[in-house]
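For the protein sequence lines, the chains are A and B, in the order given. By full-length UniProt numbering, the letter at position 152 of the first sequence is numbered 152, and the numbering carries on one by one without gaps. By full-length UniProt numbering, the letter at position 254 of the second sequence is numbered 254, and the numbering carries on one by one without gaps.
Some hints could be false.
Claimed, not checked - Computed from the model, here is a short list of chain B residues facing chain A with C-beta under 10 Å:
(1) ALA126
(2) GLY233
(3) PRO261
(4) GLU273
(5) ASP289
(6) LEU307
Don't read these hints as lab results, they were simulated from the structure. Bear in mind that the values here come from a model prediction, so they are computed numbers and not experimental data. Here a beta-carbon is modelled for each residue, glycine too, at the ideal position from N, C-alpha and C.
What follows is each chain in one-letter form.
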Amino acid sequence: MADARTQVLGRVRAALAGTAPDPEPVPAPAGARPGDVVAHFAERVADYRATVVRCAPADVGAAVAGALPAGARVVVPPGLPEEIRAALADPLVDDGLSAAELDRVDAVVTACRLAIAETGTIVLDHRPDQGRRVLTLVPDRHVCIVRADQVVADVPEAVGSLDPTRALTWISGPSATSDIELDRVEGVHGPRHLHVVVVEGAEPR
Amino acid sequence: MTGTFVGMPAFPAAARDALADTQLRHNLAHATATIRGKRAAVVGEVEHWEALRLAGAAVKERALHGLEDHLVRLEESLVARGAQVHWARDAAEANALVADVARRHGADEVVKVKSMATQEIGLNEALAAEGIAAWETDLAEMIVQLGDDLPSHILVPAIHRNRAEIREIFLRRMADVGRPAPADLTDEPAVLAAAAREHLREKFLRAKVGVSGANFAVADTGTLVVVESEGNGRMCLTLPEVLVTVVGIEKVVPTWAELDPLLRLLPRSSTGERMNPYTSTWTGVTPDDGPQEVHVVLLDNGRTRALADEVGRQALRCIRCSACLNVCPVYERVGGHAYGSVYPGPIGAILNPLLHGIGEGTGDPQSRSQVESLPYASSLCGACFEVCPVRIDIPEVLVHLRSKVVDAHRGDRVPKPEALAMRAAAHTLADAKRLGRAERLAGRVGRLVGRRGTTPRLPGPGAGWTDARDLPTPARESFRGWWRRTGGRLDGGENDG
Ligand code: SF4
Numbered sequence: 001m002a003d004a005r006t007q008v009l010g011r012v013r014a015a016l017a018g019t020a021p022d023p024e025p026v027p028a029p030a031g032a033r034p035g036d037v038v039a040h041f042a043e044r045v046a047d048y049r050a051t052v053v054r055c056a057p058a059d060v061g062a063a064v065a066g067a068l069p070a071g072a073r074v075v076v077p078p079g080l081p082e083e084i085r086a087a088l089a090d091p092l093v094d095d096g097l098s099a100a101e102l103d104r105v106d107a108v109v110t111a112c113r114l115a116i117a118e119t120g121t122i123v124l125d126h127r128p129d130q131g132r133r134v135l136t137l138v139p140d141r142h143v144c145i146v147r148a149d150q151v152v153a154d155v156p157e158a159v160g161s162l163d164p165t166r167a168l169t170w171i172s173g174p175s176a177t178s179d180i181e182l183d184r185v186e187g188v189h190g191p192r193h194l195h196v197v198v199v200e201g202a203e204p205r
Numbered sequence: 001m002t003g004t005f006v007g008m009p010a011f012p013a014a015a016r017d018a019l020a021d022t023q024l025r026h027n028l029a030h031a032t033a034t035i036r037g038k039r040a041a042v043v044g045e046v047e048h049w050e051a052l053r054l055a056g057a058a059v060k061e062r063a064l065h066g067l068e069d070h071l072v073r074l075e076e077s078l079v080a081r082g083a084q085v086h087w088a089r090d091a092a093e094a095n096a097l098v099a100d101v102a103r104r105h106g107a108d109e110v111v112k113v114k115s116m117a118t119q120e121i122g123l124n125e126a127l128a129a130e131g132i133a134a135w136e137t138d139l140a141e142m143i144v145q146l147g148d149d150l151p152s153h154i155l156v157p158a159i160h161r162n163r164a165e166i167r168e169i170f171l172r173r174m175a176d177v178g179r180p181a182p183a184d185l186t187d188e189p190a191v192l193a194a195a196a197r198e199h200l201r202e203k204f205l206r207a208k209v210g211v212s213g214a215n216f217a218v219a220d221t222g223t224l225v226v227v228e229s230e231g232n233g234r235m236c237l238t239l240p241e242v243l244v245t246v247v248g249i250e251k252v253v254p255t256w257a258e259l260d261p262l263l264r265l266l267p268r269s270s271t272g273e274r275m276n277p278y279t280s281t282w283t284g285v286t287p288d289d290g291p292q293e294v295h296v297v298l299l300d301n302g303r304t305r306a307l308a309d310e311v312g313r314q315a316l317r318c319i320r321c322s323a324c325l326n327v328c329p330v331y332e333r334v335g336g337h338a339y340g341s342v343y344p345g346p347i348g349a350i351l352n353p354l355l356h357g358i359g360e361g362t363g364d365p366q367s368r369s370q371v372e373s374l375p376y377a378s379s380l381c382g383a384c385f386e387v388c389p390v391r392i393d394i395p396e397v398l399v400h401l402r403s404k405v406v407d408a409h410r411g412d413r414v415p416k417p418e419a420l421a422m423r424a425a426a427h428t429l430a431d432a433k434r435l436g437r438a439e440r441l442a443g444r445v446g447r448l449v450g451r452r453g454t455t456p457r458l459p460g461p462g463a464g465w466t467d468a469r470d471l472p473t474p475a476r477e478s479f480r481g482w483w484r485r486t487g488g489r490l491d492g493g494e495n496d497g
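Chain B on its own, in the form it takes in the complex (with noise of 0.2 Å):
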């Protein structure tokens, strides 16, 4: 694996593998049941949850109707506090915005806090390749980062790791990038933990240039908002005399007031925490404290492709909490590298492909089909809306990405499997003898596959739909053919022999 999801196989594919893994899958089950508890309990203390729910979905739709005049006020109030505002169409834009950042102070490393939007847009990637090196300090971001590895949650990016894997990944690679880990590092979580510490202590307390996301940004005040545990982010935040914020422009609250109903959202949905340890706030320069030169790129990057699409706009309002993924029964089985992209389980597999947009001919035709394939990885059970803090409806937003795959490849030479299928149901179920033909067919297969035992594939165009699924074995008499034996009496209705 390498630290790269471009070229990623299409979810079917990616997710079969993924499947295989006994040793992922049991990490995931074990990490999302166990923050579903936790959630579950806390959110479960506050009285008003659903109203509150409904206010946190307010704000950030408020936010989203009235962006520009938010961005443009954002940008003054910045600007009118000592901040330096740049505007990025794209990633490359964004990239060369941070890296110009660094070369001007000489710097050929920064720290990094963790952020999903630089992740998105490949961000240590690119400082690579102008020769500066990006730390991410994140302790999990960190153990992705040593392993060569891809982040598999938003929240718990090395939940698919193990303390005897991190412990191997320190041993081998931390000295080769700093401070060695120490010769008699066991694998205890507190003792890796104090590995960390040791050897980023280090890289905090020489870093001139620090990078950050934003969890928030606030249009009236200029205020900057990260919200964290371990205190790496504070590093981040202060001891660097040059900070650049890279803030994807839907993380705009119009008000400071309408922080109220995020901050309370947030923490409860994400770590299951009444408040997480660290929550930092700036706005601009802050003379004789922290850095004191103050740099924030607003990012597009697909995000206003996201706002024109009408249903898909609500994707926009996600604060990042990652409860989807912890409900959802398709991540929980597959992991987070199965959806190629930064942004994993429900709330990716509608994300991606209202960045990159559907049949817009953007990427290459491997990565077209990959994010094409994310409106399918969903049961479309609704988990995922009900936990949602700002109740984005992802159900409501995958049939409509899946309408759009449709649409979009109408006019293909080779049509995809899913329009064949659904082509084929439509000619079937508009006539009743073709039906009970059909009925009488699968009864048939499955009686063949009933004694294999194994669950059938199916041939041809539907080849595609079973290699990822499996298929329930039809019934072996179909209900037609029952009521045609019977006259629908139970008693002699069995057929089981």
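Only chain A is shown next, with the shape it has when bound in the complex (with noise of 0.2 Å):
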């Protein structure tokens, strides 16, 4: 008897005999344009129960701190830039840290690689800055950084932009379960605080 995949392949060819393929993908419609995207990305990541907090390159530190509650144990990626490190008392730096020893920490604070607009989403590459995928899921608190230079209006825009030979994380506030009786709960698995800090200044893109 032929193998599995030969077979699944024969089946699909016989299943499609005579079926011409299309050879051209079909162009969705552009997505949403919103006039001031920093500020559309602020309000729709808000609706999500993110706290959101807006401010000058110079007090993104401060800001950073700020959203941190005193005497939290903190993780940061390797490549968090040293500014912002500065400011927070003597965070952990992930050198490989086990989920167990990550469990035992407050918050995570991050960089992102963009932000949309019109979801309120943040998508992190996972590059220094940012950190492993872990780091973000098992502390409780995320504090993620986001340039206005970083906001794009939709999702074409931000699947344009992405390289999908890296692993990718997609986040739209806290964690939520709507499955009992459909009251949203924010935080299940993941944090259960989102804290956005918008950097003005930089043009959007």
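The task is to assemble the complex, starting from two chains supplied on their own in separate frames and drawing on the hints.
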């Protein structure tokens, strides 16, 4: 008997006999084009019960520190910009911490790859300023820094500028469930608090 | 209720039981109305929704029309990125592949992301038979699993359970399988969710093997996509050392760019959100991040049978958003269990017969008749087509499948009630005198029934039809009778006394 691969592909071929393939992708309509993408993003991500703070470039450190409860144990990815790390009291730098170790910290502070205004989404592509995937998953609070020039209008722009060979995490608000009588509850398994610091100044894209 | 759909009665019988369950009907009506409202609001925000639907349908159609090519490319790109690719013709083969991976790592448990494909193949039961526990980590799936129950909705599988029942299930069962529920557990959703968080975190932190499905698989790049809300998916996809993903072959999307319309359509159609809280994508193995051994099982299990049906093929475009369930008047009244499958509602009514085949002798007679009853589980109102983000013409496929059911049973010794009714109708309608007699008879039956104040149950071969449906009481006088009596004058037409 033929192996599974040969047989499945053979069945596919037989099922489609006489059907012509469509060689060209069909273009999708353009996405939304809000006037002020940064304000739109801030509004939309807040809609998901994330806390949003907008600040000037000089105040990022203070804004991040203000997002952390007093005495919180904080972990940061190895590539987090120095001026932000300097604002934190003795953060743990991730050098391959175990999940159990991460389970004992209270918060994580990261940058992001881009943000999507229309959907209120932050996208991480896990470069050194964002850290491994687990870093933004296990701690209960995620403080994420979004520069104004990282905000794109809608999903097509995001898909167009992301590298699919990198692992990606799209985040729209804190972890949530509506499984119990459709009551929305924030924070089941992922971070229960998402704190977004939007840095004004640089021109949005 | 035990955790399997095998041997379920045909839709009419299951529906009759469900209709008697007022709690279920209340929960469902509330849930579907709520999600419908949310969906309508966020869909209304999108300027080119119809064009987006057309684009979404076109992407999936293109994926299906070139499926062989795309699958080969998907395999190549996955292997190039360090993944191991397996092919499975059917459920047993897929289950064996997953069990084999777990066994090779000495794992007696796996953590699972909610996945329709693994439910379809009965993976949890198959792993249990091998001594491997499969933990569902989506809150609703966990409620269903702990309650030894069946999912009843694609999106909110425990929609038939209220908070008091969930509390009771947690208190009764959590201790048996891990961290017990706290003694002071209340039925507040936030408190219940916190208990689930504690219970499952223990499992996430120790799990060696994770199992998932995928919402999309990009042929060009080998990228797999999982869309979720709770973060349990991210846990399963990143914490274990080994990840096995079971992907139906219809999940393929040709290129990365073509994910765009689908990612815009899915969350708005599904949970009524602009975007779901978490979307994870991964391409093979990511060094020093997440599982370092990655397997992908490409699953047929009837999909090529569905693909061969030119009318039914479009059902494979389905992105499992569940919008069609929430608008279906039949689903809203009977719930998901009556469909006897992990795919309930309008999509289940077409997908199950397409995957299993009609009149093809698959399965035992009971499950065959179960599957063949599904194309009739619809009022053909068309709401499912209107709402479907990838424009699957479900009513068209339902009618097509009904004709296949009738065709498949032409030679039966005992014909199906539908076939008999149609044959009788054809006989009556073909002759004016016979039609007149039938109408007078119907009027008399109606009078009889009207006096008793019940809806009639048809005698003889029609009984099967009226068993699960109310028949409108026939008019007391036929149109022809009224015309003969009054000559068409409305003033003389009243005959209701
Ligand atoms: S058939 Fe359409 S509406 Fe129904 S679940 Fe599938 S994609 Fe959604």
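* Return the numbers of the hints above that this structure violates; sort them in rising order. => Violated hint (a single one): 1; every other hint is consistent with the structure.
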